[in-house]
Structures are given as structure tokens and as C-alpha cells.
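Work the whole structure out from these sequences, hints included.
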Amino acid sequence: MTLVSVLVVASGLIGIGLYGALSQQSFVMLMMGLELMLNGVLLAVIGFWAFSLGGMPEGQLLAILVMAVMAVEMAVGFALVVAVYRKRQADMTEGLDLLKN
Amino acid sequence: MTILTDIVFVLLSGFALWTGWRVFRTDSMVRCAFLLMLSFIAVGLMMLLMAAVYIGVATVFMMAVEMMVMALFMVMFMMNPAGLNPMWMVHQHRLSVAAGVVAFAGLTAAVLASTLPAEPLPPGRPVVRDLGTELLGPSMLIFETAGVTLLATMVATVILSSRRGRFGDAMEGACPPGLEPGGAPAGRAESESGGGHHHHHHHHGDHG
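Chains as they are written, first to last, in this note's numbering: chain P, 1 to 101; chain Y, 1 to 208.
Bear in mind the hints are in silico, worked out from the structure with no lab data behind them. Please read these numbers as outputs of a predicted model, since none were measured by experiment. For each residue, glycine too, the CB sits at the ideal point set by N, CA and C. Be aware that a few hints might be false.
Sample of chain Y residues facing chain P (criterion: CB under 10 Å; computed from the structure) [stated by the list, open to error]:
#1 Thr59
#2 Met63
#3 His93
#4 Glu119
#5 Val128
#6 Thr149
Spelled out as C-alpha cells, the structure:
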């Protein structure tokens, strides 16, 4: 377990997440892709903290901020899904070809 | 010990990547949520291997709860109940595969090509204590900012998901109750109070 191996695994997670975020039609599945990308980011942050920061506590603080971003993204994303569904009866990205109303 | 750590790391990273890939390949959306949870748990255990005790455990707990919520939303917005039918709901598939592969290859190339600083965590460092004093000491403002951000998120979530939207009837909350049940609002002339009562049946939030 080295920094390079951790970062390669993290980039694998980011790549899979990017694929999911771009390819999925359902809003909820799209958000799963975003979460998977943030999962990779979290792993990379902790990898850097453990292997090249000498245990500086700011690294852990950054990880906590990434987790807060995850929670915000989930909550606002689902609220948007609910609002869009109520307005348009749309639960797929193709249902939103107009920004208007 | 290091051999054992390496073996566990390889197994966990393989599991995290495999479950992350299976998220987009399974037929049931509830199964997706649980596969994503397994991927997160594997990453949390990898953090434990890297001695990030607090963050690792917090990731496992937080993701377990978050994916339960996710599974609930999956049930609400599910097109394909219980994965009984094959599900293949993708668009721009080739582009997405290419983008994912390019992202992975680019990031890996960047990692392999750059000289990364090597300063490993000194053994015996009190990492949880470090985090606590950092959160409530020098970085308290940042930590509090995250808290305020979460509060703003709560407000935004309620506004976005409430039926009425941001714009309600201005008179709705300011309307005094009637003198008899169902009667006209008390203490107001007929012409003024005509609006407050009838607007309940209209649909608001058309501007949202």
C-alpha cells in the first residue's frame, strides 16, 4: 500500500463515477455517479494525508469538508429531483430539455 | 504485517472498484444503492488501514445512513420494480465510457509521472486528538462554515421540495381567523379580505 497505489484506485473510482454521471438517464442514478466520484476524492485526500503530509491535521479537516460536500450534494440533489418531478412528472434527464418553467 | 496490509488493501480496493462498477450494471435501483454503500464501506476500511481512524469510521457510518435514504428515494423514483426486468437506461454511452477511461488514464498518468512528496504518518501520532484540536482550534472558522452551509442546505431543501415552492400567498399567514368556523376573516373590510380566503385553492409556485 503506497501513495501511488491508493491514488490509482481513487482515479479508478473517479473514472467509473464519471462514466455513471454522464451515461445514466435517471436523475437518481446520475447522483450515484457523482457520489462515486466524491468517494474517490475522499480516498485520495486520505492517501495524501497518510503518505505525504506527515500526519498534518489539515488533511483530515479537508476530508471532513469533502464529506460535508457529499451530504449537501445528496440533499440538494434529491430536493431538485422532487421539485422537477412535481413540476414536470420527469424523472429522466431527457424530460428536461427546456429550462423554462 | 505489511504483507498482510498489502493483501487487505488489494482485496478492499478490488472490492470497492468492482462494487462501484456493478452500481451501473445491476437491474434493481435498490441494489444500486446497496452496492454503492458497499463501495463506500470498502473505502472507509481502506482509510482505517491508512490509520485515519475517525474519518474511516465516520465514512462507514455516514454512508450506511446516506445509502438507506438513497434506497428510499430509489423506491420512490423506481422505473423497474425489484429488478424483475432488465434495466438499461443510458444515453451517450460510448462518449461516457470514453470519458471515464480518459479520466482514469489521465489521472493515473498524472500520478505516475509526478514526483509525490513522501512523508509518511509517524507511528504513534495521536491522529484523532490532532483532528479534534484542529477542528475546535485553528480551523474552527472553516468547521463552522461547513455547519452554516449545512443549515443553508436544510433551508434550500425544504424550499425546493415543499409543494408550494418559494412563492406563497402573501396574505396566507397574515389572515386572522373567522369569528365563526369557516366564516370571513375578522376585523377586516369585505373588499380587503376578499383575497386571502379564496387563494388557497390556486396553484402557487408557477414561477419556480
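Hints versus structure:
no. : hint   : verdict
1   : Thr59  : holds (7 Å)
2   : Met63  : holds (8 Å)
3   : His93  : holds (5 Å)
4   : Glu119 : holds (4 Å)
5   : Val128 : holds (9 Å)
6   : Thr149 : holds (6 Å)
When the structure is compared with the earlier hints, no violation turns up for any of them.
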